[in-house]
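Visitor: Between the sequences and the hints, there should be enough to build the whole structure, so can you do that?
Residue numbers (the numbering used here), protein chains in the order written: chain A, 1 to 350; chain B, 1 to 350; chain C, 1 to 614; chain D, 1 to 614.
These aren't lab readings, by the way, just hints derived from the structure by calculation. Source: prediction; values computed, not measured. Warning: the hint list may mix true and false statements.
[Stated by the list, open to error] Using 35 Å as the maximum straight-line C-alpha spacing, the simulated DSBU-like pairs for lysine-lysine come out as follows:
#1 C:K467 / B:K146
#2 D:K408 / D:K420
#3 C:K167 / A:K146
[Claimed, not checked] The following residues of chain C were derived to be distant from chain B, with all beta-carbon distances above 10 Å:
#4 G71
#5 Q82
#6 R93
#7 H190
#8 D431
#9 A464
#10 D543
[Claimed, not checked] Only part of the chain B face toward chain C is listed, based on derived beta-carbon distances under 8 Å:
#11 H57
#12 N100
#13 L103
#14 L327
#15 R328
#16 L342
From the three backbone atoms N, C-alpha and C, an ideal C-beta is built for every residue, glycine too.
Given next are the chains, with one letter for each unit.
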Amino acid sequence: MSYAIPGFRHPNLPKNDLGFTTKDYEGAVSTLCAGCGHDSISAAIIEACFELSIPPHHVAKLSGIGCSSKTPTYFLGNSHGFNSVHGRMPAVATGANMANRDLIYIGVSGDGDTASIGMGQFVHSVRRNVDMVYICENNGVYGLTKGQDSATTDIGSKSKKGEPNAMEPIDLCSVALQLGATFVAQSFSGDKHQLVPLIQAAIAHRGFAFINVISPCVTFNNTPGSTKSYDFIRQHMASSNTVDFVPHAEEITTEYAPGTSTSVTMHDGSAINLQKMDPNLDIHSRRSALALMQEYKAQDKVLTGLLFVDEDSQDIHTTMNTTKTPLRALSEKELCPGSAALEKINQSLR
Amino acid sequence: MSYAIPGFRHPNLPKNDLGFTTKDYEGAVSTLCAGCGHDSISAAIIEACFELSIPPHHVAKLSGIGCSSKTPTYFLGNSHGFNSVHGRMPAVATGANMANRDLIYIGVSGDGDTASIGMGQFVHSVRRNVDMVYICENNGVYGLTKGQDSATTDIGSKSKKGEPNAMEPIDLCSVALQLGATFVAQSFSGDKHQLVPLIQAAIAHRGFAFINVISPCVTFNNTPGSTKSYDFIRQHMASSNTVDFVPHAEEITTEYAPGTSTSVTMHDGSAINLQKMDPNLDIHSRRSALALMQEYKAQDKVLTGLLFVDEDSQDIHTTMNTTKTPLRALSEKELCPGSAALEKINQSLR
Amino acid sequence: MKREIITNLFVVKFANVNGTGSASANRLFSKAVFRMGVPVSPKNIFPSNIQGLPTWYEVRINENGFLGRRGGIDVVVGMNPQSMERDIGELERGGYFVYDSSKPLDKKMLRDDIDYIGIPFTEICRTEYTDPRQQQLFRNVMYIGSLAALLNIEFDVLTGLITDQFKGKEKLIAPNVHALELGFKYAQEHFDCPIAFRVERRDNVGNKILIDGNSACGLGAVYGGATVSAWYPITPSTSVIDAFARYCRRFRVDPETGEKNFAIVQAEDELAAIGMVIGAAWNGARAFTATSGPGVSLMTEFLGLAYFAEVPTVLIDVQRAGPSTGMPTRTQQSDVLTCAYASHGDTRHICLYPSNPKECFEFTATALDLADRLQTPVIILSDLDLGMNDNMCDPLEWDDTRTYDRGKVFTAEDLDAMEKRFGRYLDVDGDGIPYRTYPGTHPTKGSFFTRGTSKDEYAVYTEAGEKYVANMDRLLRKWDTAKKLVPAPVIRKTKQPCTIGVVYFGTSEAPTLEALYHLEDLHGISLDSLGIKALPFADEIADFIEAHDYVFVVEQNRDAQMRSLLISEFDICPDQLVSLLHYDGSPITARQIRREIRDWILRTTTTPRRRGRK
Amino acid sequence: MKREIITNLFVVKFANVNGTGSASANRLFSKAVFRMGVPVSPKNIFPSNIQGLPTWYEVRINENGFLGRRGGIDVVVGMNPQSMERDIGELERGGYFVYDSSKPLDKKMLRDDIDYIGIPFTEICRTEYTDPRQQQLFRNVMYIGSLAALLNIEFDVLTGLITDQFKGKEKLIAPNVHALELGFKYAQEHFDCPIAFRVERRDNVGNKILIDGNSACGLGAVYGGATVSAWYPITPSTSVIDAFARYCRRFRVDPETGEKNFAIVQAEDELAAIGMVIGAAWNGARAFTATSGPGVSLMTEFLGLAYFAEVPTVLIDVQRAGPSTGMPTRTQQSDVLTCAYASHGDTRHICLYPSNPKECFEFTATALDLADRLQTPVIILSDLDLGMNDNMCDPLEWDDTRTYDRGKVFTAEDLDAMEKRFGRYLDVDGDGIPYRTYPGTHPTKGSFFTRGTSKDEYAVYTEAGEKYVANMDRLLRKWDTAKKLVPAPVIRKTKQPCTIGVVYFGTSEAPTLEALYHLEDLHGISLDSLGIKALPFADEIADFIEAHDYVFVVEQNRDAQMRSLLISEFDICPDQLVSLLHYDGSPITARQIRREIRDWILRTTTTPRRRGRK
Ligand SMILES: Cc1ncc(C[n+]2csc(CCOP(=O)(O)OP(=O)(O)O)c2C)c(N)n1
Ligand SMILES: Cc1ncc(C[n+]2csc(CCOP(=O)(O)OP(=O)(O)O)c2C)c(N)n1
Ligand code: SF4
Ligand code: SF4
Ligand SMILES: [Mg+2]
Ligand SMILES: [Mg+2]
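Guide: Structure representation (structure tokens):
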């Protein structure tokens with residue numbers, strides 16, 4: 001809901017090159033929790049597409065299952081969308097891309113959807129370099145199923161059910177870099193100054209563009225110090241096994257200059273340290289990115305921004321040498337060899 | 001078949017500390033192709049266990065599906081084995097380990113089994129640090145299904161069906177390192193001087209020990225220059241769609257000193273460059289290993305040996321604080337709270 | 001309007017917004033009625049989202065102990081403006097609409113055949129509390145207080161519940177009781193309390209308990225000796241594992257060392273979850289997983305492996321409305337066929353169909369025995385209605401002399417004493433069940449290779465047709481053996497011989513039995529009934545069907561899946577089986593069952609019955 | 001022993017070691033017989049490994065055109081010492097055992113009711129060739145040469161085949177012909193050629209062709225306009241995609257730019273493969289995948305999505321022996337139930353059952369039309385026997401005026417002309433099939449959200465029970481519509497009215513029809529027959545069954561899956577349907593069918609027929 005800024009409803013909305021207003025890029029009203037980071041990301045996608053003057057129907061939106069995966073309903077209402085099954089967005093997006101290389105594909109996933117059930121598909125869509133934007137709305141938790149740890153949850157954080165989480169979190173950006181991703185970026189849901197241009201760059205990239213967006217979950221914060229708001233609820237609702245109280249929360253936003261770092265306070269009072277770019281980063285060097293990310297991690301900081309890009313990236317259609325015409329636009333004429341050819345085949349089978 | 005060295009059948013076989021001979025560690029006769037690298041790995045496992053004087057029944061062998069995954073039948077005949085389903089060995093091994101923390105678990109997989117269908121499970125078994133040895137018998141090809149590219153196949157190599165493979169190969173050791181694996185090694189099937197001690201170290205390691213073993217496939221060589229023996233067959237068998245001729249081949253072995261490199265010729269005449277360890281490698285530094293592997297890769301060399309180990313590794317039972325007794329050995333006494341406790345529960349539900 | 005007083009026989013529905021903390025307040029209400037000795041059956045109707053959408057809590061109060069959904073609502077507590085129009089529309093004539101009058105009611109909401117009770121909950125809260133979270137939470141407690149006055153609920157019972165609930169956090173007791181009082185007083189001062197619907201103390205619950213099926217399953221797994229559980233979160237099954245974990249922490253942790261006599265692994269997906277269960281069970285532990293439809297679909301390949309390789313596997317499927325993601329927070333019994341025949345090739349699985357939490361508890365413990373005894377998957381088909389709602393049932397029981405049936409397992413001593421070669425898949429005694437050994441049993445004897453491929457009696461890989469057939473036929477013998485081991489059907493016969501019967505399973509039990517009671521009571525129609533508790537079907541089921549001209553099959557799915565299963569397992573003539581289906585995602589009601597049976601009987605006694613295709 | 005000369009009516013079996021290159025030599029043999037105008041049906045029996053294990057090639061030569069497996073072997077070419085004992089044992093009395101006499105035959109191999117023909121193939125090769133690979137390869141060609149002499153195969157036909165085969169590599173022709181001659185001469189010089197089993201030129205194959213079902217499927221996908229294929233390797237389905245790729249390279253590559261009018265993606269597993277197909281089809285391309293049982297199990301969740309979200313999906317299931325990994329290189333028809341009801345919840349899928357390569361070709365093209373028309377998964381159930389063996393069949397045909405039926409799709413113009421709101425799931429004309437739009441069609445109209453959750457007619461998410469039910473019921477209407485669109489059953493009636501019928505499907509067709517021929521011919525028993533070609537079952541199938549007292553259902557699985565499906569889809573009285581099952585992994589034989597039917601008829605005409613449970 002958070003992106004439904006009243007100003008957007010103004011009659012004299014600014015128009016983009018195509019004559020569309022931001023309204024033309026909005027979707028249905030969000031049913032996520034008030035203040036959910038995912039809604040901020042939807043707003044950023046809307047802004048990015050509006051500013052780029054992308055005809056809305058040139059976008060196809062795809063997702064898996066989860067709060068994050070619900071969001072394609074809440075942006076780009078004039079684009080076709082596909083809310084598939086849990087963890088399998090990459091396959092569906094790959095197939096869609098095969099059918100029509102001319103559309104823009106925006107895949108939205110969550111950390112559960114990507115790093116757990118979807119890990120295999122994530123790895124292989126990176127490897128194929130499918131021309132698409134892949135946004136992981138990473139809240140370190142399973143939102144929709146009410147608060148289990150995800151594979152990106154930090155060590156030592158306590159999940160709602162009580163056990164500390166003792167496993168190394170999976171760093172999706174590093175994995176993507178390691179696997180040869182041609183575009184890797186990281187951002188924070190509330191930093192639209194950074195996120196909007198990153199999404200635009202990802203759309204412009206010819207190949208698989210991965211953006212890991214840290215996106216706080218209002219309701220199930222699993223960050224290390226995660227105690228504040230939750231304990232209050234727990235105390236007051238001892239009789240119920242289900243967590244059914246969501247305190248009112250505002251969207252968390254931040255603004256900070258490139259090269260600097262900032263600390264953002266989450267809904268539960270814990271903090272996350274963001275570092276916006278680093279002058280030493282060579283965005284054309286995979287190793288530079290990997291090394292710097294590790295360094296910041298050691299300082300308990302998350303490096304944000306565009307981490308790596310390969311401008312010479314060749315998407316899967318290019319490597320496969322597929323026809324320029326979208327495959328789905330081909331007709332009998334191009335596709336069916338006809339009866340004469342068949343008779344020759346028959347002949348060879350005698 | 002290749003490990004069934006005649007000497008092993010000698011009546012005065014040497015005995016290990018337990019009084020067992022290597023025969024006690026052998027399995028059924030292999031049905032793999034003569035000269036298959038996988039058989040050499042089986043032989044190394046036999047030797048490693050014999051030398052370590054492991055009671056054979058203290059080992060459980062698990063695998064997925066593929067030529068590689070068949071091999072547990074061909075070693076340690078006195079150990080229980082489980083040939084599960086394609087790509088799912090890690091889950092089955094994890095469950096087995098949960099049931100009894102006292103056995104030694106050797107998981108065998110192939111590159112198809114691990115890097116394609118099994119990628120998700122591989123990643124998560126690394127992350128959980130299950131106490132097991134995970135051997136990927138990596139031949140860069142789908143052996144059992146007759147020669148398709150796997151995800152570890154080198155760029156530009158030609159698969160038997162004709163299309164060049166245009167995707168970056170997945171480097172399993174790097175992925176494992178990136179994900180926090182506590183033991184990562186790489187070797188070559190024919191180098192038993194290196195492989196046997198690596199397997200022994202992996203067994204001794206308390207946690208997930210990954211060994212990627214390059215293991216040439218006699219029949220479906222997909223290495224870059226892959227032309228020699230295959231073309232001969234193709235020419236002579238134009239009428240058949242199936243590849244059903246396997247030329248006789250010998251096991252490929254090599255011996256070279258640590259710190260040096262060697263070039264090994266594959267069955268098809270192509271070569272692979274191996275570098276045995278590097279004095280600059282700090283096996284306690286993940287980053288050192290990752291960096292060196294990349295360097296050698298740039299030189300078209302594969303770095304072999306123990307790449308990384310974390311001696312303080314805590315396996316999943318330790319982090320979970322499971323009882324020292326194997327769970328499967330617990331009885332009603334420890335497990336069942338009894339009727340009195342139940343009555344209390346009933347009481348609380350009124 | 002002169003009103004009839006209705007005591008202990010009505011339905012109250014709470015309309016809330018999810019995320020506002022109403023669940024625990026609503027639960028307080030049910031529990032209070034229950035503690036007054038009056039049977040209740042509460043049902044949560046919640047959306048597949050976390051905050052901001054309509055959610056309902058429907059409580060049937062029925063002193064006769066009918067626990068199924070009745071259909072129709074008598075009192076609505078309408079706390080959600082979004083759903084208010086619909087909520088009001090659902091009220092039966094003569095019903096009451098209790099609402100938050102802090103905002104005035106829209107005119108279009110007015111019906112003249114119901115009563116309106118406006119209480120300014122929000123306003124009161126705003127004056128009483130400053131913390132907005134407290135305003136929201138205590139508003140819920142407050143409407144329960146008001147209801148106590150309106151429906152004549154004993155206030156002491158409520159305060160008792162609050163006291164129990166906040167044991168250890170005593171300082172929260174007073175504010176909660178205060179909120180209750182605020183609501184109670186306002187209602188009493190402003191309305192003619194009690195209203196026409198009233199709760200009155202009875203002694204009709206005996207020693208019964210109120211528990212959700214998933215908790216009972218989790219507890220059953222603890223009692224049944226499960227040590228390994230691997231799972232992946234999915235509604236509505238997650239709370240099975242939550243409960244297992246909760247009870248394990250209570251009963252299975254060494255108080256000194258903190259060491260655990262259990263292992264719970266949150267897997268990366270359902271394929272991994274069932275793979276881990278299979279691995280653990282193969283290695284001699286009792287292991288289980290819980291999931292719902294989409295998870296079962298993902299487990300399909302592994303279920304086939306467990307069937308063919310003969311590995312004990314316990315799977316709890318808490319069904320929700322399919323197909324695909326369907327309605328994740330609605331109930332259905334629509335995985336019947338999928339579970340029975342899951343996986344390619346000729347596979348078939350043992351299925352258990354619990355009808356209430358006590359059966360959830362027992363069947364889970366039994367499933368662990370059956371899986372070990374039969375060395376095959378055992379699937380428990382619960383559903384959202386049973387699993388996630390508090391259900392009143394008899395107290396859970398455990399016989400302390402009961403030991404776990406670990407099935408046919410050779411020990412090291414057995415192997416040492418054995419002269420012949422150990423044959424993992426040898427049917428030594430004709431029941432189709434072979435002996436197994438646990439890994440690590442013996443240094444030189446009894447090891448074998450487990451595989452999903454065809455094998456001979458000694459577990460050696462084979463592609464020989466006759467060996468394959470012998471093995472497959474043995475699996476059928478095992479299936480026959482299972483018939484005698486699984487829970488028996490429950491048969492209820494009327495005093496007079498009758499030609500029509502009713503078959504049901506799972507959560508269709510309560511509404512079916514209630515419908516039968518009313519058919520007899522109101523219409524003089526007496527019918528025999530049979531509750532199916534397990535697949536493979538016991539012979540009594542076939543006998544029951546054969547003994548009747550027509551048999552209704554009550555089920556909560558579109559495709560009459562249980563009916564199909566009955567026909568194909570028994571070779572029953574389909575004309576005999578009349579489908580009674582409900583599949584809109586809500587639990588089936590006694591009303592529907594009663595009407596459909598009555599109408600069918602009226603129709604078929606006037607028009608000639610034609611046997612033919614559906 | 002005085003011998004009867006048997007012409008064109010016998011079975012030859014080649015026993016080889018796999019990996020020795022025998023496949024192409026053996027194929028030469030079948031093709032030669034075929035070119036002599038005599039119908040053949042060759043069957044490969046190979047192990048699930050790459051090198052060193054026994055493999056067989058069984059060729060039935062039958063001038064009457066019976067193409068199913070007959071059962072029994074007349075001539076064995078025994079090139080594998082490992083399997084020799086078994087191979088000799090399989091010979092019918094009066095048969096011939098041709099073997100490599102480079103090593104002397106073990107005494108225990110001797111039977112006195114067969115003839116032995118020893119030819120020192122290895123020895124000859126060793127003297128003729130130096131390269132060991134040539135020694136091995138030409139040994140195979142050589143035994144074909146010998147057989148030509150022994151069975152009286154026209155040598156010219158063989159040389160013609162060699163010439164055709166090595167077109168473009170002419171220098172290989174002479175050495176191959178030379179090897180043939182070596183074998184031919186040795187046999188002719190040392191034995192009394194031809195032997196009692198002989199091939200003689202006929203004109204009995206007409207314009208028929210010899211092709212494997214998988215190639216025909218791949219070609220059907222090309223003709224049917226599939227542009228996207230995603231797959232994961234698995235025996236025995238891999239060659240479907242190999243063929244698709246081969247024909248695409250031939251017909252779909254721009255000769256100038258090399259640009260491809262197709263995309264084939266080797267997925268990381270079957271879940272991804274079907275996901276890609278669904279994504280491509282959703283986006284307006286024709287897409288398909290091929291797999292076998294384990295893959296179908298893994299695709300279960302996605303199949304449910306495609307059913308419920310209504311996305312055209314074509315899946316070719318080349319069945320092998322299950323359950324689990326089963327016997328990966330053996331045949332079965334045991335995915336019938338799994339495919340029909342794949343996935344949790346109330347799902348059901350269109351299934352097509354081709355019986356020969358021509359139907360493989362046609363049904364694959366048709367499946368692409370049906371999937372688009374019905375917007376749902378269409379599963380083609382082939383099997384290993386049909387898919388991986390050369391099958392003789394009528395030539396493939398294509399009507400050049402045929403256009404692809406893309407089903408109900410609104411274009412931008414349609415949307416512009418539309419006044420009402422576009423409803424993705426509106427049933428505008430009562431056939432249960434709604435209109436769809438392809439992504440990217442129109443900037444402001446016609447977009448919709450595809451989901452696996454419940455939705456209303458406008459594709460908006462809903463948890464309203466009545467919307468859910470309306471949608472589910474529409475899907476049943478669509479199922480009814482499908483009945484009239486799928487391939488019709490093939491009914492063969494005898495001249496006299498008869499009370500017993502036989503139903504079959506897929507590869508049970510040829511042996512069933514042959515059995516019926518012989519039942520009439522040898523035993524005077526005439527039976528009607530019906531070949532099922534598709535699910536949902538056409539009404540004619542029910543009519544056929546109703547018109548007969550008893551109907552045999554011939555199928556190659558243990559659990560009588562098609563029979564179950566017939567009963568549950570049609571509400572047929574099970575007593576009417578008599579199961580005739582075969583499930584050892586080999587193709588069912590005409591002999592078995594004939595015997596079982598004959599015996600049943602004899603039995604039931606002497607003992608009273610009892611209708612009852614099986
Ligand atoms: C096959 C399957 N398993 C489990 C689920 C239940 N499920 C729904 S969403 C979800 C996790 C979502 O987590 P994430 O992707 O991080 O999304 P978030 O809600 O946190 O945005 C799960 C496990 C499902 N829908 N399907
Ligand atoms: C679910 C499933 N899909 C596909 C297959 C077919 N299959 C068997 S082995 C294999 C690949 C094996 O490759 P790899 O793991 O590299 O083993 P290798 O044979 O090369 O040692 C495949 C695809 C299968 N058995 N199960
Ligand atoms: S539960 Fe968390 S992730 Fe889901 S909508 Fe609410 S805030 Fe967002
Ligand atoms: S095909 Fe390759 S991997 Fe398989 S057994 Fe033969 S050599 Fe080994
Ligand atoms: Mg998340
Ligand atoms: Mg491989």
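Visitor: Taking the hints in turn, state whether each one holds.
Guide: Each hint, compared with the structure:
Of the pairs offered as hints, the one joining C:K467 and B:K146 holds, with about 27 Å between alpha carbons and a cut-off of 35 Å not exceeded. With a C-alpha separation of about 17 Å, the suggested pair D:K408 and D:K420 falls inside the 35 Å cut-off, and the hint holds. In summary, the hint linking C:K167 to A:K146 is supported, as the alpha carbons are separated by about 25 Å, within the 35 Å threshold. The Cβ of C:G71 sits about 27 Å from the closest Cβ of chain B, beyond the 10 Å cut-off, so the non-interface label holds.
Once the 10 Å rule is applied to beta carbons, C:Q82 is consistent with being away from chain B; the minimum gap is 33 Å. Consistency note on C:R93: stated as away from chain B, and its beta-carbon is indeed over 10 Å from all of that chain's, at 35 Å minimum. Remark: the non-interface label on C:H190 is consistent with the geometry, its nearest Cβ contact in chain B lying 33 Å away (cut-off 10 Å). Separation of C:D431 from chain B is adequate, the least Cβ-Cβ distance of about 24 Å exceeding the 10 Å criterion.
No beta-carbon of chain B comes within 10 Å of the beta-carbon of C:A464; the shortest separation is about 15 Å. For C:D543, the non-interface assignment is confirmed: its Cβ lies about 35 Å from the closest Cβ of chain B, beyond the 10 Å cut-off. For B:H57, the interface hint holds, since its Cβ comes within 8 Å of a Cβ in chain C; the closest pair sits about 5 Å apart. Satisfaction of the interface hint for B:N100 is found here, the shortest Cβ-Cβ separation to chain C being roughly 5 Å, below the 8 Å cut-off.
Interface restraint check for B:L103: the shortest CB-CB distance to chain C comes to about 5 Å, inside 8 Å, so the restraint holds. Below 8 Å, beta-carbon pairs count as interface contacts, and B:L327 has one with chain C at about 4 Å; its hint therefore holds. Residue-level restraint check for B:R328 holds (minimum Cβ-Cβ distance to chain C is 4 Å; threshold 8 Å). Nearest Cβ of chain C to the Cβ of B:L342: about 5 Å, under the 8 Å cut. The hint holds.
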